[in-house]
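Visitor: Spelled out from the first residue to the last, the chains are:
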Amino acid sequence: MENALRLLRRNGAVVVLILILVAVSTAAPGILRWRAINGLLQDNAPLLILIVGATLPILLGCLDLSIAAMASLAAVVAAMLSPVLGSASVPVVVAGAAAIGGLQGYLIGRLQVPSFVISLGALGIFKGIAMYLTAANMVGITPGIWIYDLLGSRSFGMSNSFLLVLITAGLFAAMLRFTNLGRNIYAFGANEIAVYISGVRRDLVRSFAFAASAGCAALGGIMMISQTMFASATVANSLLLPALVGVVVGGTAISGGVGGVLSSLIGGLIAILIRVGVTISGLPPESQDVAFGITILIAVALTTDRAKIGVVK
Amino acid sequence: MTTAFSLEGISKRFGEVTALDNVSLELNEGEVLGLIGQNGSGKSTIMKVMAGLHRPDTGIIRVGGKVVQLRSPLEAAQAGIGLVHQEQSLITSLTVAENLFLDKPAGSTSLGFYRWANLRDRAKHQLDKVELDIDPFTPVSELSFGQRQIVELAKVLSLEELVHGHMVILFDEPTAVLNPPEIQALFGQIRRIKHRSSVVFVSHRMDEILEISDRVYVMSDGRNVATRDKEHVNVDELYELMVGKQRVNRTDRKPREAHIGAEPALTLKNVTVPGEIDDISLTLAPGEILGLIGVQGSGAETILRTIFGIADEWQGKIEYFGAPLTIDSPAEAVAKGIGYLPAERKTEGMIRNTSVSENVAITYGWQHGRGAGLISRGKERGMIEGWVRKLAIKTPSIGHRIDNLSGGNQQKVVLSKWLFGKTLKVLMLDHPTRGLDPGARGDLFAVIRELADQGLAILLVGDTLDEVLTLSDEIIVMKDGRVSARITDVQAAPPSEEELVKAMV
Amino acid sequence: MSKLIKSQGPLLALIGLVILFSVFTDSFASPSNLAAVLEAAAIPAIVAIGLTFILMQASIDLSVEGVASLANIVLSITVANSVTSTDIGLWAVPLVLCVGLVVGATSGAVSIYVRMPSLIVTLGMWLTTVGLAALLYPDRLPQILETRITSLAIDKQWGLSWIVYLTFLLIIAATLVEKHTRFGRMSRAIGENEPVLRMSGIKVNHHKIAAFALAGGCYALAGILLGARIGVGNTQSGVGLLFPSIAACVLGGTLLSGGRGGIRQSMIGVLILVSLRNGLIQIGADPLLQSALEGAVIIVAVAGSTWHLRRKIRVIK
Ligand SMILES: Nc1ncnc2c1ncn2[C@@H]1O[C@H](COP(=O)(O)OP(=O)(O)OP(=O)(O)O)[C@@H](O)[C@H]1O
Ligand SMILES: [Mg+2]
Chain F
58 MENALRLLRR NGAVVVLILI LVAVSTAAPG ILRWRAINGL LQDNAPLLIL
108 IVGATLPILL GCLDLSIAAM ASLAAVVAAM LSPVLGSASV PVVVAGAAAI
158 GGLQGYLIGR LQVPSFVISL GALGIFKGIA MYLTAANMVG ITPGIWIYDL
208 LGSRSFGMSN SFLLVLITAG LFAAMLRFTN LGRNIYAFGA NEIAVYISGV
258 RRDLVRSFAF AASAGCAALG GIMMISQTMF ASATVANSLL LPALVGVVVG
308 GTAISGGVGG VLSSLIGGLI AILIRVGVTI SGLPPESQDV AFGITILIAV
358 ALTTDRAKIG VVK
Chain L
80 MTTAFSLEGI SKRFGEVTAL DNVSLELNEG EVLGLIGQNG SGKSTIMKVM
130 AGLHRPDTGI IRVGGKVVQL RSPLEAAQAG IGLVHQEQSL ITSLTVAENL
180 FLDKPAGSTS LGFYRWANLR DRAKHQLDKV ELDIDPFTPV SELSFGQRQI
230 VELAKVLSLE ELVHGHMVIL FDEPTAVLNP PEIQALFGQI RRIKHRSSVV
280 FVSHRMDEIL EISDRVYVMS DGRNVATRDK EHVNVDELYE LMVGKQRVNR
330 TDRKPREAHI GAEPALTLKN VTVPGEIDDI SLTLAPGEIL GLIGVQGSGA
380 ETILRTIFGI ADEWQGKIEY FGAPLTIDSP AEAVAKGIGY LPAERKTEGM
430 IRNTSVSENV AITYGWQHGR GAGLISRGKE RGMIEGWVRK LAIKTPSIGH
480 RIDNLSGGNQ QKVVLSKWLF GKTLKVLMLD HPTRGLDPGA RGDLFAVIRE
530 LADQGLAILL VGDTLDEVLT LSDEIIVMKD GRVSARITDV QAAPPSEEEL
580 VKAMV
Chain G
136 MSKLIKSQGP LLALIGLVIL FSVFTDSFAS PSNLAAVLEA AAIPAIVAIG
186 LTFILMQASI DLSVEGVASL ANIVLSITVA NSVTSTDIGL WAVPLVLCVG
236 LVVGATSGAV SIYVRMPSLI VTLGMWLTTV GLAALLYPDR LPQILETRIT
286 SLAIDKQWGL SWIVYLTFLL IIAATLVEKH TRFGRMSRAI GENEPVLRMS
336 GIKVNHHKIA AFALAGGCYA LAGILLGARI GVGNTQSGVG LLFPSIAACV
386 LGGTLLSGGR GGIRQSMIGV LILVSLRNGL IQIGADPLLQ SALEGAVIIV
436 AVAGSTWHLR RKIRVIK
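Quick note, the sequences are listed as chains F, L and G, same order.
Sequential numbering of the first sequence, starting at 58, is according to the working numbering.
Sequential numbering of the second sequence, starting at 80, is according to the working numbering.
Sequential numbering of the third sequence, starting at 136, is according to the working numbering.
Only true hints are included.
Here are some chain F residues pointing at chain G (derived, C-beta under 8 Å):
1. G178
2. M188
3. A192
Think of the hints as simulated: they come from the structure by calculation, not from any bench.
Owing to the predicted nature of the structure, the values given are computational and were not obtained by experimental measurement.
Built from N, CA and C at the ideal position, the CB exists for glycine as well.
Here chain F stands alone, though its shape is the one from the complex (with noise of 0.2 Å):
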């Protein structure tokens, strides 16, 4: 029995992924073939790879609430701009987006102001730019573009917007394991000052998991409309909450310093099994959210390795 639950503490994401996924297929056989998963993995690439990009600021303990209103922005700005640049507008517009986001790390440090802040008017400042240049209204993309037509379909059999999300993820993995960054970040997370004494520079740090989560922000509200062809100012909003659900689920403690990458990608995977699950369980649509809330918290209080957390705020 404790050896089990030691091995639930430390691998818990895995081991509830498993399980979920155990319980969705025996009540729903049909969702364990291929096209629907794929399907599935397919839909949901661009709150995966936001999930993937919210880690990093979460390491140090701080929240990017603006990836979701990025994402919008992003996707608006590269169906805008599809026509002139053609492929070309992904890598500016992820770009372009990456440079902001290091900015707002910057800024952070500063002007001294929480992360919290930051990006709370950074959200509104993305939306608000979104809707001024759309209108409020629609923007179609240009059909025939070679790499948004690459990013909505599948090589291997997998859907390629997921393969990117893949790619990301072990990118993003390798460098918290082996450089020194990555340690720099989980120790930003474990205490700031410290770190800043031992000469580590946190504005650089800080800026770099910013510009990464708005990054993968961008290429997330990319992957969106290379799905629907069109944008609007408000496509990915309400991708944040699902974001940081599935981080917070992959077992990384939003006080910082504990959890990685894959661990969230995980736990995205998670939270959007368990939304299946919801959906196939034949509970009527109303009491959805309330099984969805209370089997999140569930599975966050199987996943977090509480031993390595100190005071719970």
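With chain F held as given, fit chains L and G with the ligands onto it using these hints.
Guide: Just chains L and G with the ligands now, with coordinates in the frame of chain F:
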């Protein structure tokens, strides 16, 4: 003499670590028991057991002969036991009065509302006892460090009014952060309360222990290895009991000529930090140890922090190997080869919730990596284990969480991060031996000397006179933000301790 | 002077904003518009009161919108209404407040005893209460027929509705609690240094649960007053309350890291935010850009009012 308090066969384990191993202790009425032992020997743990902060795994506790369970600090307080913590434990956003009665059962409230007038009177009475003349409703955030320390003492002494019987007051390294006059004031208080209370007093300074205690209780590895009456023991014997080996004599430093004439590593010209230091000039050569000493608030630490780039504003000129030093952050200082060991270990030194090895490798780990920002944990491991051995850091493994080490061992881990690099040229140590036991202090002294001999320039803010006298080539005494005395060539012509104290206060 | 700026930054920002809008528009300073500002501020202020204690304790509560919507639905189906036949009269008010208290206390208790961060627990609670509201929602939109409720918003005394007066009362009571009770004093202390309080034998858990319960009660009250104002029970009625209220608290100087701020500061924050919204409309800013301007002002205001706290050695997060 009657026994006021006793522990019988107390054991306490934290995971794999046995902090207390079948420890018994008797405390007579009106006696001061000096508690000594190496870092990690279990002193703080035994105090916490007595104060109701830790529950022992086995063993019994008796107060006045009766077996008691101390489930919380509150229950301990009701039994007349109070603890003055190793770290300050005041809440700065509350008033002095509220802090004084924070941990006491009977509060000045009715229906949840404070009765401020009543609280003020009671607080005033407590402050009078320790002769602190401040308004009880001053927020603690507005007090100076020294004042806070006295409030901390008053907080524990207010037990006097709350319990009728005998008291037990525990002090965990109270003098580590005090200057000599403050220490004497503290001893005065201890002698005053002796008639109705027993005292346990932890310190790493043998002279203090011998001055204030009636008996000395020596711990090693979670066990009591000896108990001695004050009359029948001397410093050397205590040292041997504690460390298990004979004390090595001061190996005197080489005379100063070695580093005269070399280009100075660091030159400060008229450096001023508004409100903290005023017009400070000094030079430091490679291979030299410059000791700064002064009472809390004298500005010695500020000098180090200004050089390191963490002062918010300053004027004057700092030169580093002949070129002006223009830095604005520790990162830039470190890039230039300057290191700083902060005095505030918990908040500025150690990275909590993280392993010993990550704490050591945070600054210079990348220098032992594969380049391009990639690190090599395998290569680091061997070197970190080397430092753990060399500094005799007591930890189960280098993957152990730093939070669970004893205070002194945490300090050694924080120090080793600066020794881990290849590019360090100037090392600034802010109260490096705070909380270190005599054995560890000796080890650290040897390391500091070795570093200086290898050509590192060392700027040191000392905890004790003995420390700066033993280590430094030159001593600067600080008072109210200014230099009040400068002693060059310390090793050739050592100044007397009186001379230094006079310049300090 | 500089000390005034340091300690009263948010208040000065508010005054500056009011002067600015009054100079640039004729309409802003008119009595009717100022009354409109107060009306708009009332419900966010009640929410902010509840949040303030939680934020002082360095926790956070995201369940605002769900609890307010749930309260609004429970109210609308238990008083005289156009859909269900239940009518327990004004007993509905204590009932709804109890629902809020229980939801809040549950969040607090789960966070403490299951050892999960409040952010996550209340996120789950948000989803759960939104779901509960949907579950309780009858087939059609319930009109609230109980006039003693709706008159709170409709009847005006000296140009202001009862909602505003009620809010004033609540602010006074909350200030008393904050300044003179053990709960209030300890709330700030918990935010500053929880471990020391625990060691001192303070019942930190009780104070935390109390703060969440109290906050839940405040959100429920907000839900009731929303019902009075819109006259119906709507599952979406609480939407839009959360971020402005938290932003208001932070604007006023109640930091998310805990240990600072208080009711007065949060109320100033609410007024800044509401005046800003109102003023931007009055000066005719492009409504599409509204949220962008608001966002920018939030950043600038917080940066400005905490500028004097800047230290190299400071945790920001
Ligand atoms: N909360 C804890 N969890 C795990 N181990 C602990 C904990 N507290 C103390 N220890 C371990 O127990 C042992 C005794 O620690 P303690 O703090 O009592 O030492 P100490 O004698 O006070 O040392 P110092 O002189 O350095 O303050 C140490 O090995 C320490 O690592
Ligand atoms: Mg100790």
